[in-house]
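So the sequences go chain by chain: A and B.
The first sequence begins at 1 in the numbering used here and counts up one residue at a time.
The second sequence begins at 1 in the numbering used here and counts up one residue at a time.
Worth flagging that the hints you see were computed from the coordinates, not collected in a lab.
Treat each hint with caution, since some may be false.
Said to hold, decoys possible - With a cut-off of at most 27 Å between alpha-carbon atoms, the simulated DSS-like pairs for lysine-lysine come out as follows:
1) LYS78/A with LYS97/B
2) LYS180/A with LYS130/A
3) LYS71/A with LYS97/B
4) LYS30/A with LYS226/A
5) LYS156/A with LYS97/B
6) LYS9/A with LYS156/A
To be verified - Facing chain B, from chain A, some residues (calculated, C-beta under 8 Å):
7) MET54
8) THR58
9) ASP86
10) SER88
11) GLU92
12) LEU101
13) LEU105
14) TYR106
Heads up, the beta-carbon is just placed ideally off N, CA and C, and yes, glycines get one too.
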Amino acid sequence: MANTVISAKDVVKKFGDVTAVDGISFDVKKGEIFAFLGPNGAGKSTTIKMLTTMLRPTSGELELAGHDVTKERDSARKAFGIVFQDPSLDEELSAYENMELHAVLYGMSRSIRHKRIQELLELVELWGRKDSMIKTFSGGMRRRLEIARGLLHEPKILFLDEPTLGLDTQTRNLMWNYVKKLSDEKGMTIFFTTHYLDEAEAVAERIAIIDHGKIVARGTTPELCKQTGTKTLEDAYLKLTGSMTRDDDNTGNNNGLNFKTALRNTRLR
Amino acid sequence: MDILSTLWLRQIRRYTRSGSRILGTLGQPILMMLALGYGIGAIYKQAGAGDYMEFLVPGIVAQTVLLSGVFWGMIILQDKRFGFLSELLVAPISRTKILLGSASGGATISIIQGLLVFAVAGVLGFRPYDWLLVIPAFFVLAFMCLALAFMGAGIASMVDDFQGFQGINNLIVMPLFFLSSALYPLNNVPDFLRIISTLNPVSYMVDALRYLLINQTHFGFKLDVVVIAGTCVATMTFAINRFHRIQM
Chain A
1 MANTVISAKD
11 VVKKFGDVTA
21 VDGISFDVKK
31 GEIFAFLGPN
41 GAGKSTTIKM
51 LTTMLRPTSG
61 ELELAGHDVT
71 KERDSARKAF
81 GIVFQDPSLD
91 EELSAYENME
101 LHAVLYGMSR
111 SIRHKRIQEL
121 LELVELWGRK
131 DSMIKTFSGG
141 MRRRLEIARG
151 LLHEPKILFL
161 DEPTLGLDTQ
171 TRNLMWNYVK
181 KLSDEKGMTI
191 FFTTHYLDEA
201 EAVAERIAII
211 DHGKIVARGT
221 TPELCKQTGT
231 KTLEDAYLKL
241 TGSMTRDDDN
251 TGNNNGLNFK
261 TALRNTRLR
Chain B
1 MDILSTLWLR
11 QIRRYTRSGS
21 RILGTLGQPI
31 LMMLALGYGI
41 GAIYKQAGAG
51 DYMEFLVPGI
61 VAQTVLLSGV
71 FWGMIILQDK
81 RFGFLSELLV
91 APISRTKILL
101 GSASGGATIS
111 IIQGLLVFAV
121 AGVLGFRPYD
131 WLLVIPAFFV
141 LAFMCLALAF
151 MGAGIASMVD
161 DFQGFQGINN
171 LIVMPLFFLS
181 SALYPLNNVP
191 DFLRIISTLN
201 PVSYMVDALR
211 YLLINQTHFG
221 FKLDVVVIAG
231 TCVATMTFAI
241 NRFHRIQM
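Okay, chain A solo, but in the shape it has when bound (with noise of 0.2 Å):
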């Protein structure tokens, strides 16, 4: 398919002898808004980090804007912009100076980043605080610096894991705007996680379940909701995950801490 912005077959992670993603495969299309739900460490983030490079598969083939994310990197890396779980700014940093580096290290050309730093600090609202250091932001804002970050170098592909956790209403409703518009007007295709299921249902175009490393059933809520006879996404969701709480740590992959737990115990090193 032309039309096909990412695209994952048969993806297996392995972490010596815990198989985080068990043979995943999926197509997100280009303009698309993509869920990828699914209980703590079912497999999301381990996904999410094959996708923007960080891990490699233990096999299969992941494409991101037609580039082999593993054999093409840099160009995949370009395709994309992501807002990462954790934070991830220098806060001893200002605002603009974190925009100017992220810009840099994109290379982007000295005549266009002043530019589209102020346009994206603009739309985030961020432009007055733009010389203030980031240990003083609160947390809403740094989000909203995260995101605007990763649009600066005009990503086809976004990545947003948990981007809402710990927002505001106010915030959150933003930035589902804004992110819509981006999908509608300049076509950019988005990948999100979330454990707020009315957030996924209001805004996802398509759904994937994942759990235990494993895709358990995709579609719009509408057919997410047929195939489970059930009303709303949430029915749906716990239907197929079932309703019992998950242990972060047992599962051992679900970030980068625990991953790492998850490496010491295989003694993959």
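Model the placement of chain B on the given structure of chain A, informed by the hints.
Here is chain B on its own, set in the frame of chain A:
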């Protein structure tokens, strides 16, 4: 080039914005010079070995850049813990560039710290025997700083938390300083100490500075230069190798 200089500038900015840290890291070397320089200096003179303060200053400078190199190598650990490293690692640039930019920034900061200690030593009465040789001494200092910044970066790439880093600090940095020629001449020390100190690259760094600043040498300047260059290459290889193995 743009990328390297920007990563370099990032380190310098962080340094210049941390006034308390600049002063804090200078406190220890000043204390060492006052306590050891004057305290032990008196006995040293009685033993007919000459001016101890003069002997000590290159050693204290080495200690300063050793601590500072490791401290600023720790920035990689901070980036790892506070998430900024993710931003760097998904950028379309090679990890080698990230490492070289950050480490050269760290080395520059160490050079500044080393020069500050020299200035303090000057206030305490230290004078190089030939002002012209201060220029090659500066280059020796620069390569020392680079080698030690790489060492710090390599260690920081291997550990996951600050406690672990502290442990390594005590296990590696302290012996590198105390078991070198920084504090005492190697001529009359017991064999085991001489052997360890002879195997310790920091000894050669101190020795090179001593040769250029006060015209004393134990190993000979040529050997010093060879060892410093070799250490630089070794620590750089170590740092690049370790940094490439980081997984977030």
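Consistency of the hints with the structure:
no.	hint	in the structure
1	LYS78/A with LYS97/B	holds (17 Å)
2	LYS180/A with LYS130/A	holds (25 Å)
3	LYS71/A with LYS97/B	holds (19 Å)
4	LYS30/A with LYS226/A	holds (26 Å)
5	LYS156/A with LYS97/B	holds (25 Å)
6	LYS9/A with LYS156/A	holds (20 Å)
7	MET54	holds (5 Å)
8	THR58	violated (13 Å)
9	ASP86	holds (5 Å)
10	SER88	holds (4 Å)
11	GLU92	holds (5 Å)
12	LEU101	holds (6 Å)
13	LEU105	holds (4 Å)
14	TYR106	holds (6 Å)
The structure is inconsistent with hint 8 alone, although it conforms to all the rest.
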